[in-house]
Amino acid sequence: MEEEITVSGAVLKQDVMIPMRDGVRLAADIYFPAPPAGRAEQERFPALLIRTSWDKSNEEWDPVRTYYPQRGYALVIQDLRSRFKSEGDGRYYHTANPWEGEDGYDTVEWVAAQPWCNGRIGTLGSSHRGIVQTVMALHRPPHLGAQWVEQAPTNIYAHEAREGGAMALHMAAAIHNHALDAQELRNNQEGVRRVIEIFRNMGEWLGSTPWQRGETGLADAPCLEDTLFNYYQRGEYDEWWGNENNDQEPYLDRHADVPAAISGGWWDPFADASTNLFAQLKRRNASPTRLVMGPWSHGGMRSDATHEGDADFGKDAPWGMAEFNRVRGRWYDRWLKGEENGVEREPPVLIFVMGGGGGARNADGRLHHGGVWRAEQEWPIARTRKWRLYMHRDGSLKEEAPDSDSPPLTYLFDPERPVPTLGGNMASFSSLPRPEDGGPVLHEIPPFGQRAAAVLPHVVSLVPTGPMHQRERPGLIACSPPYPLLADRPDVLVFETPTLEEDVEITGPAKVRLWVASSTPDTDFTAKLLDVYPPSNDYPEGYHMNVVDSVLRCRYRESWTQPVMMAPGQVYPITIPLPATSNLFKAGHRIRVDVSSSNFPRLDVNPNTGEPMGRHTRLQTAENAVFVDRSRPSHVTLPVIPAQGSRT
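Counting from 1, one number per residue, gives the positions in the sequence shown under the numbering used here.
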């Protein structure tokens with residue numbers, strides 16, 4: 001039932017039910033500028049729209065729910081269909097809902113038709129709230145005026161749920177966040193308890209594959225369990241993945257031609273999605289398009305922290321909500337209010353180049369990695385030079401190609417002892433401590449709509465995000481005594497340059513080309529780019545900082561749609577694209593590439609058997625080989641931004 005109250009700097013009308021074309025009504029809270037003395041209450045405002053799968057009244061919106069009304073905007077925050085106070089038939093498929101385009105269109109046009117709106121609508125929001133913006137823009141609502149899409153995938157197959165053919169397990173964890181307040185569990189407290197129990201055992205559950213339908217903590221929320229198994233077992237790109245709600249990339253020629261700003265982070269799993277969306281819209285649309293990429297993890301651009309993971313990037317690195325609101329507000333002021341503030345004359349690309357710091361350990365115990373902001377005119381950067389470095393059998397990485405027919409480098413990949421995830425690009429690996437470890441007691445399950453708010457503030461990160469020194473450590477999944485450097489593991493191949501004589505900036509996506517063989521019909525190969533600091537008083541063994549990594553599941557080496565198994569012992573060329581990044585490798589450092597076959601729990605572990613995806617019946621150790629000879633010269637191609645006097 002609609003209710004109007006006054007909050008700081010705004011008038012709030014709660015639970016406004018907005019009708020969709022099929023009669024379903026979606027709940028929204030609408031914040032209006034508080035009228036000063038003598039101003040008509042029915043003044044018409046531009047409107048900003050957030051469509052969310054999280055509760056529209058969540059405290060995360062506190063920094064925006066008063067900021068924008070105070071700047072003369074009406075702010076509409078809406079629960080998605082079948083979420084929280086919105087109507088629906090209870091079906092909710094995480095980020096794979098086929099009705100979001102039409103619901104978004106209908107909402108924009110309803111807002112534009114209201115007597116308090118001047119007909120100019122902007123949208124904002126991150127992650128899932130960014131996905132629904134892009135899907136809605138494919139339907140071109142006439143009154144859509146501007147967008148700011150923050151850290152959102154545009155291809156769930158490539159960016160979110162699967163990567164290089166492997167499952168990105170952070171999405172298996174994230175689905176449980178959404179399940180707490182699933183309408184399917186509205187009146188099912190025992191079902192919610194089972195979801196909470198998975199939170200308390202997330203590490204063990206992630207390693208308990210293959211999962212079985214009806215036996216997971218989502219069994220009482222069948223739509224979300226269906227989504228989990230689509231993510232897990234649907235390894236080939238098919239019609240389900242190709243729907244516009246899952247993959248907007250094939251449909252971007254339909255995207256509304258409106259000013260669009262895209263922001264992301266180098267430690268966000270959707271860095272490629274952000275940079276690629278900018279490049280596509282810049283090429284296709286006449287309206288201004290902007291890109292901002294910072295040294296942030298998922299959600300990090302809203303934080304005031306100067307660090308991610310174990311590395312600190314300096315006082316200029318964070319934006320925080322104050323700066324984000326200011327910059328985003330100028331964007332909307334220009335396109336929704338018509339203010340001549342000059343944003344269209346500013347450089348369209350702003351990136352943070354990580355690195356350049358002194359490398360000492362700061363007072364918080366973090367590496368001073370440093371970095372600087374820099375404006376650019378395009379993405380990819382036009383002056384980029386491709387630098388090819390070849391892998392050699394002695395572990396060197398250099399410009400000269402191998403000149404002999406040396407034997408390959410081999411290692412055993414045991415899926416029961418995977419290489420542990422030590423930092424990287426991930427979105428959500430939440431674990432709930434047990435009561436004896438400081439977690440909530442939860443004698444009673446909170447009411448529907450309040451469960452996520454009661455549980456999620458208590459969760460801790462199960463897997464660190466961002467940069468880390470690449471040494472195993474106690475308390476992390478898949479790590480075990482004596483906690484070696486990853487470089488010392490027998491199942492990790494290490495290729496490293498000589499000490500750099502000058503600074504080298506790598507900005508953009510890199511590519512690893514390998515010639516490989518395996519004793520099994522299917523296996524994975526992973527590649528990781530690292531910035532290796534020299535030994536120092538603070539870091540006697542040096543600091544091996546991960547920069548970016550990825551994977552290829554070999555059955556997909558030729559096609560995402562038609563898998564082809566490997567013949568044991570046969571040599572195949574494969575390519576592992578690495579997501580975009582920006583890092584300055586300082587003189588005195590080394591550039592390193594690690595090659596292996598697992599990265600758990602960031603990625604699911606290949607059982608090496610070639611059985612249907614997610615339905616394996618056994619595990620098999622693979623003997624994997626990487627060739628580094630003159631006829632099969634495995635190498636990495638790096639996007640270098642040349643500096644004056646650089647050899648590259």
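Think of the hints as simulated: they come from the structure by calculation, not from any bench.
Any given hint might turn out to be false.
As the list claims (entries may be wrong) - Simulated pairs of lysine to aspartate or glutamate, DMTMM-like, Cα-Cα distance not exceeding 25 Å:
#, residue 1, residue 2
1, K511, D491
2, K511, E249
3, K85, D55
4, K282, E339
5, K13, D62
6, K85, D226
7, K85, E59
8, K586, E444
9, K511, E339
10, K13, D55
11, K85, E109
12, K85, D220
13, K398, E249
14, K511, D226
15, K315, D364
16, K398, D220
17, K398, D503
18, K511, D364
19, K282, E346
20, K386, D403
21, K511, D629
22, K511, E496
How the hints compare with the structure:
no.	hint	verdict
1	K511 - D491	holds, 21 Å
2	K511 - E249	holds, 21 Å
3	K85 - D55	holds, 8 Å
4	K282 - E339	holds, 22 Å
5	K13 - D62	holds, 15 Å
6	K85 - D226	holds, 23 Å
7	K85 - E59	holds, 16 Å
8	K586 - E444	violated, 55 Å
9	K511 - E339	violated, 43 Å
10	K13 - D55	holds, 16 Å
11	K85 - E109	holds, 21 Å
12	K85 - D220	holds, 20 Å
13	K398 - E249	violated, 36 Å
14	K511 - D226	violated, 34 Å
15	K315 - D364	holds, 14 Å
16	K398 - D220	violated, 55 Å
17	K398 - D503	holds, 16 Å
18	K511 - D364	violated, 34 Å
19	K282 - E346	holds, 15 Å
20	K386 - D403	holds, 22 Å
21	K511 - D629	holds, 19 Å
22	K511 - E496	holds, 16 Å
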